[in-house]
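Line order of the protein sequences matches chains C and G. Read in order, the letters of the first sequence correspond to residues 1 to 42 in our numbering. Read in order, the letters of the second sequence correspond to residues 43 to 526 in our numbering.
Treat the hints as calculated values from the structure; they're not laboratory data. Please note that a few of the clues may not be correct.
To be verified - If we take Cβ atoms under 8 Å as the criterion, some of the chain C residues that face chain G in the derived model are:
(1) Glu-3
(2) Ser-5
(3) Trp-6
Predicted model, so just to flag it, every value in this text is computed and none were measured. Where a beta carbon is used, it is the ideal one built from N, C-alpha and C, also for glycine.
Here is what each chain is made of, one letter per residue.
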Amino acid sequence: MNEWSWLNGMDGWVLTAFGSLLLGTVWSLADLLRQARGRRAA
Amino acid sequence: MSLTTLLIWITYGAALLFLSRRVAAKDALSSGRVPVLIQALAYVATYLSAVALVGFAGLAHRYGLQMLLIAAGNAWFGVWFVYRYLAWPTKLLQRKLDAKTPAELIARGSGAPGLQPFLGLLSGGLLIVYGSAVFKGAALMMQGALPWSESAWLWTLVALVAISVVWGGFRGVLYTEALQGFIMFLGVTYLVAAVLRTLGGPLAGLSALAKLPPTPEANRGFLALSEGGAGLNLIFLMLVTSVGVWAQPQMIQRHFALVSRERTRSAIPLAMLAMGITVGGAYLAGALARLILGPEVTSPDHVVPMLVRQLLPEAGRQLFALAVVSASLSTASALLHIASACLGRDVLRRPLERGEWRVAVAVSAGLSGLFAAKSGAIIAWICATSWSLVACAALVPYLTVLALKGRAPAGAAWAASLTGLSSACLWHAVAYAPTSMKLTGLAAPGILSAIHPFLIGTTSSALAFGLVWVLVSHRAPATVGETN
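The following block holds chain C by itself, in its conformation from the complex (with noise of 0.2 Å):
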């Protein structure tokens, strides 16, 4: 069975609000990571 088949079964809506929130941690986790190494380079 393919374990990826739950995204059919998501709307467009949901899988939006799911994506950005998963974009949205991760992009935080780079902008930190970026600030902390600015930090050091300075």
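Starting from the known structure of chain C, fit chain G onto it as the hints suggest.
Then chain G, alone, in the frame of chain C:
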């Protein structure tokens, strides 16, 4: 009740009081310099109450993952947009106008001094009543942790929060909220990890949730937005909690603690992370709880407590209880602080020096406690509507002050505020079925009865603002801007 449990709660209360005392600034309405991490966590802790962590997470058991729309809206509109576009301009204007409260900022910015007592009285009054519901919720939760009477817990918590607000002022409130925000983050993370471990990982959990048959509430399954009124309600709930939050005075006040544009930008990822994981995690756990608890749960409010009892060990249960009480008390301290400032400074025009500040907090806390003890239909109605009423009265005046820097006439701000408030009240009373059916027995026909008063209030507020601006500009162009 074990000795360890008692010690945990005593330490928690003592830590809040100690922190308030330790970081207090001289002025109860000023924060001084506050680190970015504290700023970000305090904003999220003020934003989220136990309604989100327990009530809305419990609703996810009934509605499924569509509740993530609210979480995403809160993270992107309620946090990212606010910090990206509203927070620093608010701080600059506050500094320029030397405003101590959001009502003072709006009134001075729009050249309408009378707006300060009006918005102060409205926000102060509504937030004291709203705070009573937050205190009552926290007392009920504490009753579950330590078996005292509800009334004893209510007044203990009111006293704890009042003392910490008196001692710490705005700066103390920010620090205690940050601590509570961090506890909330830990508690939810722990719960989500336990849920995912029980279900064999996120993919297995989502696959199982996708296979559940639709129900009347989740009428297109648990991974889709419902059709009809349920789906529409959810979108409105997202708008009220994500956009309505822009104009809540306790949230606007958080921007007053910012120190520079760069540091405001650095707060964004921290606040986004805290908000996304805390609220997104809570709703995800609530939705997946259906696979663990089954469909038969008497009330959505029981879902999270049942999940916690079933999955977490004793230490985890205590951590989550701390998280939920933190969610309530952080909101309560923000509400108590802003309500005291609104009533003392905006309405009575007092400078709120030390003695006056104590009296203002004591009166607000006492009223909040009394409302909580005497809860009735009117109080329940105010609690359910206060967020949208404050937003409808203040959102357009606030945004136009930021955007137009006082170039619009004072009458436009007055028109926006009064029209927004009255149209939202009217819609709540005679058209919006969830509230109007209980109040007057009337409702708008068909799908119109599901349109939230927030939409009606803010739209009519914006129209009133534009209309008065055009009329005044047309009739007496020279007077426009004279008040600035």
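inquiry  = For each hint given before, does the structure comply? Return the numbers of the non-compliant ones in rising order.
reply    = none
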